[in-house]
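Read top to bottom, the protein sequences are chains A and B.
Its first residue numbered 1, the first sequence is counted upward by one per residue in this note's numbering.
Its first residue numbered 224, the second sequence is counted upward by one per residue in this note's numbering.
Rather than coming from a laboratory, the hints here were simulated on the basis of the structure.
In this text the structure is predicted, and so the values were computed from the model without any measurement.
Cβ coordinates follow ideal geometry from the N, Cα and C atoms, glycine included.
No false leads were slipped in.
Ranges of calculated distance between the beta carbons of each label pair, as one might list FRET restraints:
(1) H446(B) <-> G144(A): 51 to 61 Å
(2) L363(B) <-> E178(A): 37 to 47 Å
(3) Y420(B) <-> D159(A): 44 to 54 Å
(4) G352(B) <-> E178(A): 50 to 60 Å
(5) S108(A) <-> Y420(B): 28 to 38 Å
(6) I171(A) <-> R330(B): 21 to 31 Å
(7) S156(A) <-> P255(B): 21 to 31 Å
(8) M407(B) <-> K109(A): 37 to 47 Å
(9) D159(A) <-> K427(B): 41 to 51 Å
Below, in silico cross-link-like pairs of lysine to any residue (SDA-like), each with a Cα-Cα straight-line distance of 25 Å or less:
(10) K440(B) <-> D399(B)
(11) K370(B) <-> G127(A)
(12) K196(A) <-> T434(B)
(13) K370(B) <-> Y121(A)
(14) K152(A) <-> Y294(B)
(15) K196(A) <-> L257(B)
(16) K346(B) <-> E359(B)
Which residues of chain A face chain B? A few of them, derived with a C-beta cut under 10 Å, are:
(17) N131
(18) I188
(19) R198
(20) F200
(21) Q203
(22) I205
(23) T207
(24) G216
Residues per chain, in single letters:
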Amino acid sequence: MAQAIVNVAEAFENYVTLRNGTLRTLAQTAVSFLGQALKGVPGMISNAVDFFISQLDIFYQVIDKTALDQKMKEMYENLRRLVEPYTGYNWTNLASTKAGLVVNIWGSKDQLTKGNILGGYIREIGGYSVNDRNKPLFNIEIEGANHFDYIKNVRSAEDWIKDFPDQVQRIQAQQKNETISQFVAQLILNSNDKDKLRAFLGQQIATHKAHLDSSGTWIVTIL
Amino acid sequence: MKRINFIPKIMLLGSMSMILGSNLVCPMDFDPALVQSVRLVHEAQDLEVQGNYDAALKKYNAALDPKLNKYRWEEASARGGIVNLYIKMSQYDKALQAMDWFLEDNREPTAALEQIKGIKALKQYQDSGNPEPVSEHIMLLKEEYKKILPPQNWIVASDTYIFTILRLYDKIGDYDSAMAYIDMCMEYFKKQDIQKYGKYKPGKADQQYLTIQEGFKKDKAAHTKGNATKGLLI
Numbered sequence: 001m002a003q004a005i006v007n008v009a010e011a012f013e014n015y016v017t018l019r020n021g022t023l024r025t026l027a028q029t030a031v032s033f034l035g036q037a038l039k040g041v042p043g044m045i046s047n048a049v050d051f052f053i054s055q056l057d058i059f060y061q062v063i064d065k066t067a068l069d070q071k072m073k074e075m076y077e078n079l080r081r082l083v084e085p086y087t088g089y090n091w092t093n094l095a096s097t098k099a100g101l102v103v104n105i106w107g108s109k110d111q112l113t114k115g116n117i118l119g120g121y122i123r124e125i126g127g128y129s130v131n132d133r134n135k136p137l138f139n140i141e142i143e144g145a146n147h148f149d150y151i152k153n154v155r156s157a158e159d160w161i162k163d164f165p166d167q168v169q170r171i172q173a174q175q176k177n178e179t180i181s182q183f184v185a186q187l188i189l190n191s192n193d194k195d196k197l198r199a200f201l202g203q204q205i206a207t208h209k210a211h212l213d214s215s216g217t218w219i220v221t222i223l
Numbered sequence: 224m225k226r227i228n229f230i231p232k233i234m235l236l237g238s239m240s241m242i243l244g245s246n247l248v249c250p251m252d253f254d255p256a257l258v259q260s261v262r263l264v265h266e267a268q269d270l271e272v273q274g275n276y277d278a279a280l281k282k283y284n285a286a287l288d289p290k291l292n293k294y295r296w297e298e299a300s301a302r303g304g305i306v307n308l309y310i311k312m313s314q315y316d317k318a319l320q321a322m323d324w325f326l327e328d329n330r331e332p333t334a335a336l337e338q339i340k341g342i343k344a345l346k347q348y349q350d351s352g353n354p355e356p357v358s359e360h361i362m363l364l365k366e367e368y369k370k371i372l373p374p375q376n377w378i379v380a381s382d383t384y385i386f387t388i389l390r391l392y393d394k395i396g397d398y399d400s401a402m403a404y405i406d407m408c409m410e411y412f413k414k415q416d417i418q419k420y421g422k423y424k425p426g427k428a429d430q431q432y433l434t435i436q437e438g439f440k441k442d443k444a445a446h447t448k449g450n451a452t453k454g455l456l457i
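Generate the whole structure from the sequences, applying the supplied hints.
Here it is as C-alpha cells:
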C-alpha cells in the first residue's frame with residue numbers, strides 16, 4: 001500500500017509539472033494528503049486518497065469540458081489504475097455515488113476567482129446544483145480572503161518577512177490568515193452532512209457573520 | 224486516534240482546492256481543540272435528533288468550554304443548538320435567554336431578532352393557548368423568504384426556513400396546514416425533476432420530507448403534537 005501511494009504521488013507530480021503552477025498545487029495537494037497518510041494515521045489512507053481523487057475528479061471534468069490539457073486525462077486514468085486495486089473503490093462516477101454534497105469555497109480577494117476561471121460562484125457542477133435537494137451544491141464566499149488564507153499558512157518566519165517586509169502589514173496578514181483558516185477548518189469539519197452544514201451556516205447567519213445573497217451564496221464576513 | 228470521518232462525503236471546489244502549496248499544511252492538520260469542539264456539537268446533534276435532549280444539552284455545553292474555542296463565532300453552532308433544544312423542550316424563556324448571545328457583538332441582528340420573534344410567539348401560545356401569534360409568524364417567514372421557498376424556488380438554504388415553518392406548525396398542532404405545506408413542496412420538487420430529468424427522481428431529501436409528513440399524520444391520529452419535527456436540525 002505504501003509503495004502504491006508513493007507511485008501515485010510520483011505519477012501525479014510528473015504529470016502535473018507538465019502544466020502550470022496552478023495545476024502543480026493540485027499535485028501538492030495529493031502529495032500532502034498522501035504524506036499525511038504515510039505518517040500512519042489509522043484509517044486515514046483511503047480517506048485521503050478518496051479526498052484528493054474527488055477533487056481531481058471535479059477538475060478533470062472542468063478541464064475536460066474546456067479541453068485545457070489531455071495530460072490531465074492521462075494523469076487521472078493513471079491515478080485511477082494505481083489506486084483502484086488497493087481501495088476496491090469504483091471511481092468511474094464518483095460525483096454521483098460518493099459525495100453527499102459539494103462545497104464550493106472561495107475568497108473575495110482571491111485573484112484566481114476573477115472571471116470565474118477557477119473558483120467563484122458555480123450554479124451546477126458534476127451533477128450537483130444549488131437547486132438540487134438530493135445533490136446540493138453549497139457556495140460560500142469568504143469576504144477578504146485571498147488565495148493563501150484558506151488554510152493555515154505555516155511558512156517560516158523568514159518567508160513571512162520576505163513576503164511582508166512591513167511589520168504591521170505582516171502581523172495583519174498573519175492574523176487574517178489565522179482567522180480565515182480557522183473558519184474554513186470549522187466549515188470543512190461541518191461539511192460531512194447536509195443538515196449539519198446547513199445548521200452551521202444558519203447559526204453563522206444568526207450571529208451576522210454570514211448572510212445569504214440573492215444567488216443563494218453564503219457570504220461570510222468574519223474579519 | 225479517532226478517525227475523522229468526513230473526508231469522503233464532501234468535495235471541495237473552487238479556489239479551496241487549489242491552495243495547498245508546499246509551505247502550507249493540509250486541511251487534516253486541524254486545531255485539535257476545534258476538532259474536539261465540532262465533534263461534541265455533532266454528538267449533541269445526533270442525540271438531539273434521537274430525542275435525547277438532556278444528553279444533547281450536556282454535549283452542547285461541553286462544546287462551549289473556553290479551551291475549545293479560539294474565536295467567538297466558533298461557539299455559534301453549540302449556542303444555536305442549545306436554543307433549538309430549549310424550543311424543542313418548550314422551555315421558551317431559556318431559549319430567549321440563550322438567544323442573548325446572538326445579539327451581543329452583532330452589528331445587524333436581523334436574523335437573530337427574527338428568531339426571537341418566533342420564540343416569543345411560541346411563548347405567547349404556551350401562555351394563552353392562542354395560536355394566532357405563531358400563525359402570523361409563519362406567514363411572515365413565508366413572505367420574507369418567498370423568493371427561495373416553494374412554490375417559487377428551492378435552494379440549498381431553503382430547508383432552514385421550510386423546517387422552521389414546519390416546526391412552528393408542529394408546535395401549535397396545525398397538522399393540516401403542515402401536511403398541505405409539505406404536499407406543496409413535494410409537488411414543486413416533482414415539477415422541477417420532470418423539467419430537468421423528464422421524470423420524478425426522489426432521493427434522501429424527499430424521504431426526509433415524507434418522514435416529517437408521516438409524523439404529522441401520526442400526531443393527528445393520536446391527538447399529540449411536537450413529534451413530527453423533533454428529528455430535524457434547524
